[in-house]
Each structure stands twice: as structure tokens, then as C-alpha cells.
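Participant: Sequence lines, in order, name chains V and C. Here the first sequence is numbered in this note's numbering, starting from 240 and rising by one per residue. Here the second sequence is numbered in this note's numbering, starting from 240 and rising by one per residue.
Bear in mind the hints are in silico, worked out from the structure with no lab data behind them. Nothing here was measured: the structure is a model prediction, and the numbers come from that model. Misleading hints may appear alongside valid ones.
Given that identical chains are not distinguished, each listed pair holds provided it fits within a single copy or across any two copies.
Quick list of in silico lysine-lysine cross-link-like pairs, BS3-like style, CA-CA up to 30 Å [as the list claims (entries may be wrong)]:
| id | residue 1 | residue 2 |
| --- | --- | --- |
| 1 | 292 | 529 |
| 2 | 494 | 300 |
| 3 | 327 | 529 |
| 4 | 608 | 241 |
| 5 | 283 | 615 |
| 6 | 281 | 241 |
| 7 | 255 | 281 |
| 8 | 615 | 295 |
| 9 | 255 | 283 |
| 10 | 292 | 328 |
| 11 | 615 | 327 |
| 12 | 292 | 255 |
| 13 | 328 | 615 |
| 14 | 295 | 327 |
| 15 | 522 | 608 |
| 16 | 328 | 255 |
| 17 | 281 | 615 |
| 18 | 370 | 608 |
| 19 | 330 | 255 |
| 20 | 241 | 283 |
| 21 | 522 | 300 |
2 protein chains.
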Amino acid sequence: MKRVYMDHAAATPVRKEVIEAMLPYFDEHFGNPSTVYDMGSKIKHVIEEQRAKVAKLVGAKAEEIIFTSSGAEANNLAVKGLALARQKKGKHIIISAVEHHSVLNSARFLERMDFEVTFLPVDEYGLVDPKRLSQAIRPETTLVSIMHANNEIGTIEPISELSTICRERGVVFHADAVATVGNIPVDVSELNVDLLSLSGVSLDAPKGVGALYFRDNLRLMPLIHGGIQERGRRGGTENVPAIVGLGNASELAAKELTDKANHVRELRNLLVAGIHERIEQVKHTGHPVKRLPGHASFCIEAIEGEALLFMLNQEGIYANTGSACASKALKTSPVLVAIGIRPDLAQGSIVFTLNSSNTVAEVEYVLEKLPLAVEKLRSFSPIWRKETAVTF
Amino acid sequence: MKRVYMDHAAATPVRKEVIEAMLPYFDEHFGNPSTVYDMGSKIKHVIEEQRAKVAKLVGAKAEEIIFTSSGAEANNLAVKGLALARQKKGKHIIISAVEHHSVLNSARFLERMDFEVTFLPVDEYGLVDPKRLSQAIRPETTLVSIMHANNEIGTIEPISELSTICRERGVVFHADAVATVGNIPVDVSELNVDLLSLSGVSLDAPKGVGALYFRDNLRLMPLIHGGIQERGRRGGTENVPAIVGLGNASELAAKELTDKANHVRELRNLLVAGIHERIEQVKHTGHPVKRLPGHASFCIEAIEGEALLFMLNQEGIYANTGSACASKALKTSPVLVAIGIRPDLAQGSIVFTLNSSNTVAEVEYVLEKLPLAVEKLRSFSPIWRKETAVTF
Chain V
240 MKRVYMDHAA ATPVRKEVIE AMLPYFDEHF GNPSTVYDMG SKIKHVIEEQ
290 RAKVAKLVGA KAEEIIFTSS GAEANNLAVK GLALARQKKG KHIIISAVEH
340 HSVLNSARFL ERMDFEVTFL PVDEYGLVDP KRLSQAIRPE TTLVSIMHAN
390 NEIGTIEPIS ELSTICRERG VVFHADAVAT VGNIPVDVSE LNVDLLSLSG
440 VSLDAPKGVG ALYFRDNLRL MPLIHGGIQE RGRRGGTENV PAIVGLGNAS
490 ELAAKELTDK ANHVRELRNL LVAGIHERIE QVKHTGHPVK RLPGHASFCI
540 EAIEGEALLF MLNQEGIYAN TGSACASKAL KTSPVLVAIG IRPDLAQGSI
590 VFTLNSSNTV AEVEYVLEKL PLAVEKLRSF SPIWRKETAV TF
Chain C
240 MKRVYMDHAA ATPVRKEVIE AMLPYFDEHF GNPSTVYDMG SKIKHVIEEQ
290 RAKVAKLVGA KAEEIIFTSS GAEANNLAVK GLALARQKKG KHIIISAVEH
340 HSVLNSARFL ERMDFEVTFL PVDEYGLVDP KRLSQAIRPE TTLVSIMHAN
390 NEIGTIEPIS ELSTICRERG VVFHADAVAT VGNIPVDVSE LNVDLLSLSG
440 VSLDAPKGVG ALYFRDNLRL MPLIHGGIQE RGRRGGTENV PAIVGLGNAS
490 ELAAKELTDK ANHVRELRNL LVAGIHERIE QVKHTGHPVK RLPGHASFCI
540 EAIEGEALLF MLNQEGIYAN TGSACASKAL KTSPVLVAIG IRPDLAQGSI
590 VFTLNSSNTV AEVEYVLEKL PLAVEKLRSF SPIWRKETAV TF
């Protein structure tokens, strides 16, 4: 059966050349980088090379990169690590209402540790208002964490504007850039951030690896305590093959970023226009312009998103209905609630995330099958049959 | 050049058949297990199969296994996750003086969170005394964490005796079994433990994966907060290829454990006897009998362990001088201090850890080269020239 995969925010296949680069580190070069003999020091050197490649992709210095086991771990290390290291200064942090679960639940953990958390609302496009951020900062605020782009609605936040406010007020700024690194240019100096999380998911790198950028000598409480790995900031033997995968994928991504963005933007525009043309009562979610180039998200009236996914699945089409991490946990997406989508409409969420491998033919295939699936589901829906003209 | 690798506690090459099993999960089966469509649910099923294999190796139920990114992460999750989840009951925990850095530094973190930590001393062999444990337990004690075997001195602790005391007193017991799983039989029921950490290092599994066994419905504060992965106990997309590696390696280890133990025990005995025969003023560290079968550890008088490693390295021999995680961090090993080794003698620590791939010829090669290296280093040593007959 034909497979049209458009859920690249959830997972991507690792590129052949990246797998090739990783392979020798499973057996031939298997040494522990913390050992003092030649096998160990060679591997240590390889890790430092990868650190430099990842750093280069985001405009950082190599020594400002910590490898983690995922973007989620990087987010946990940033939020909890910074807040706990600075708790003598104050116990108040600010996050947006549309953060990823790894930031949101790290903040909830801090609440249990007697921190106060302010959840900044967003507008109908998912944008954080710099004025509201400014008003929310208190003398005891130590950290603000706002994601670079949201993986459910694709909206790109005005990070440099937000971070500059924090810089002026002496508050550390963290951006979860898991959805942007590999999709759009990300530069820590331009963004003016102190901490930035990334993962391999938009780089076609392997699972099991992420990284945290931290500016200069920012103090962080380790999340995984242990030995001297990552200069004492993250214990546990380094996942060498995965780190090699991330490094190589970062190098390739840096070269191909513009071409990839142009390619997926064109396909995305075709997809969005085609869906509006072929399906009635569809709301395009997120910002119309300030959004990830390969990201298309909708709420479809009188549709249950998961049912739609199953029907598309039968046609070989793979999409998502929100964040993969939350798929089975939540009935209504907090992100869609935050942008003011009615709960019943939020049920009809569908998200397409594209990458370089997608083609015009695949988009046309989706534009053929999606309207049929929607029509079929709506034919079963008592709501749809009752309300023939719902307005948004 | 000949390579004789005897540092298997630090790292092992991944077995060919395990790499083969992992490969399809980098590209062919790359889906995110949290997604609801067929690609995702198939991967989810694969993960559950691996969970069952790891569970079987340690006599647990599949649902009692949480996958982590390392043994260190499993130790952090056990110690911090249990202590923080139970802090309303009490803020006192007990660990031994010879724990791995990931347990030790997790306990130090809890001290900063206003917990009290008792460090149990060990005897000259590194053994924890059950009576002292019993005396150290207080009404507010929530957790005892004692390692199954120590990776620097090879000593195997009397876990079931220690854990039974805790069970009777209503205290949760955690064993760091990173050094034992894959080397000796480990059964969570026989050991009578509530929590047990393991990693792939003694299973010839890949880096970047570990697991925590937790009995039944024990409450744990997640270490990595995030989505619904690992039933809400560990956020972040699952490292599918590494989990497949750990599962397959666990299955192989279960079959081969007895043969492996017999093989490495025989080689280890040859090595220990040969070293005592050929080198004077050598102290065999750890327990003579209650120890890991493939583990030989010594302190050599008037020798600097790291210098010895470099000389052996030049002959193609790879050994360690303590725990790989601490190699560059510490001048004197806390483990050797805890068993009462004089600081200057502790400098001369050397550790050989064997696995199935080692041979009699390799042991003979080490027995040829090691005495020459020791002799050479001692010829430079003013201490050795002065004290011709130091007694232990």
C-alpha cells in the first residue's frame, strides 16, 4: 500500500548517511568516553566534534551544548535545572499556556516544590503578548520559558522580543526549539536566549538524543546526577551513536535548511489551499503567516480527529491530531483551548507536518482522500446533519 | 596492534545480532509509539515485547519495567523519584558508602532539598552490615538504596538480607544492579527488592538505554516530566532502536548467563592467581568469594593507576582504575577509602572486567605485560626504592 507520511513532528526516519555514520560506534568504536586510554579519548574527541556541529547549527559555542536523551529531557533540565539552581533568588517562573508537556509538567513539578508559576495566555493565533509578559515579571521571577514554535498549531513566537524584555529585567529566558531547529533558521544570539532545547526529530536524526544550549556559565542543577559526563551537568554514559547521529544530521540540516523550508512551504500552501477549496467548515489553526513552513493544522467541524486519522490511515495517509506525546492522554488539547477553539470543534483537530521527502503527488493524494473521509464521517454525525451551517 | 579489552564494566561492543535487530527501527519502522495509527501501534507493540524480555531477565512483570536512557537515569529516578513521592511520610533515606555516583549525587541533591541522608559504612570487603542498616532505620526513613555489586571492587552485597529488614520496617528498598544484571542471576523476588536499576552495559546492549524495575504500583515522581510515555512515569519519545537492543540483549543474556559466568570466572581466577604469583605487594580488593565472576581488582603498592593504564594501553591492554564515570574527577576513590585502603595505596588501583569474548591467551598476555609495566613504573618510584618491604 502507498504510504504518505505527513507526521514529521512526531517522528522521522533517520537518513541513510546518518545511520552509516552511527554504525561504527555500536561495535568498532564502542569505548566509554570517560576512560583514560586511547579508545576512550578518541570517542571523547568524536563527541566534541558532534558538539561543535550541533552548536554551529544554532550559532552557539561548542561548550554551551549539553547532550540529553531527548528534547523532553532538555526541557526538563532547562526549566527544573535553572529554577532549582536559582531558588534562593526567587521561586516564581513564567511559561506560556501552549508549552509542550515536558515544560508544562516540569512547571507543575516546581509548583509542588513551592514555586509559583504564571501561565501566560496567548491570542487566537497562539501568540504570546510581550506586554503581558512584561507585566507578569516580578522581582522574584527567575525564569521565563516560551516555545519557539508550537507543534500543534505551527505558530512561531516573537522570541527575540520576549527574551529582550527578560534580559532587561535580569530574568533567564528559555526557548523550547524542538519544533523549529531543522525547520527554520535558529540562532541563539539573534533570538537572544539563555537556554534553548532541541531534538533530532526535525533533523531526521535518531530518537534518544537531544541537546540543551545554555549561555556561558549559567548555573544549572543537573536533572540526571552522576559522574563527570557533560562537565558534571548530566550523568550517565554518553549515548555515543545517537550523538554521532545528531551531529551528522545537524551538519546536513545546516546545508539544506533553506531548500527544505522552500520545498515544504510550497507543499504546505498547496495543501492548505486545497483543503479550504474542497472541505467546508474548516478552521485553519495557528498564525496564517508566522508559522512553521511545513506545518498545516486545522479543526474540522463535526469531525472526531482520531476517527479521521484512522480513516486516513486506511488510505496509507499518516497525520496527527495534536501532539504525539499527548495523543492518548487528553480529550481536549490545552493548546486549542488556549487559542479559544470551542471544545467540540477542537475534537476535529488534524495536523500535517511535512519534510523534504514529501511530494506534490502526495499532497494531491491527500487532497483526494481527505474530503472523502470527512464526508463519510460527517454522514454518520447527528450534529452535522442537524447544523448545516455552523459559523466560526 | 593486538587489542585485549578487559574493561567491560565501562563499555561493551554491541553484539552483531543485537545491532541487526535494532537497524529496522532507525528508518523502516521509525514511527512514534504514541501515535494512534498503525505505524505507531506496531512500534508500541514492539516496545511492549522488549519490556517483557527485560522483565523476564530479572523475574519481574512487564508492567513493572520503565525504560530509561541509562543506568544512571534509572538510579536517579529510583532515589529521587521515590524520596520526592514519599516526602510527606518522611525525609530520611539511607545509602551505602560505596554507591555509584548516580545514587550518591542523587542523595546529595535530596540533602539540598532538606532531606537527611545516612551513609552506611562498609567492612574491609565492601560489605554492608545488616545490623547497622537495621539500627539506621528511623520512623521517617522512606528509602534504602544499596547496590547489588560494586563495579570498582566486585563485591556482591547481601541484598535479600538487607531488603528483608526494610520490608519488615515498611521502608522501600532500591538496588542498583547495573553491575550484576547480565553477569549473575538477578531475580527481583529472590532479592526481595522494590526497585532495581539495570543497564545494557553487562548485556552487550547499546548505550543510551537502561531500565528501572518498580514493584507493583509503587508511586514515583517522574524524573523527566512530559507526556504519557512509560505510563506517565518518564516523558520523552521512546528510544525505540535502543529499547529493541536492550530487549534482544536481555533475551540472549538469559540464555547464556551460566556459560558466561563460568567462562569469566575461570579466566578471572587465572588472572588473580597469576598476578599474585608474578607481582609482589599487591592487594586484591573486594570480597574474595562474594564477588562478580568476571571481576578482578587490585591495589598495587607504589604505583599510580593511571600511569599503569597508559603503559598497558601501549601494549593494547584496556583496563580501568575504578569507575569510568569518575575517572577524571577524583584523586582518591571513595569506594577504596570506604574499605579502608590507605590513600597512597588507593592510587594504585587497577580493575579488570571480563566478558565472554575474553580468552585464556588474553589473560596470559596480560600476565606477561602487567608485571613488566609494574616493574618499570616502580623503577621510577622513590617510594618503592625506599620501602622495600611495605606490609599491608
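Participant: Under the constraints set out in the numbered hints, which ones does this structure not fulfil?
Facilitator: 3, 8, 10, 11, 13, 14, 16, 18, 19, 21
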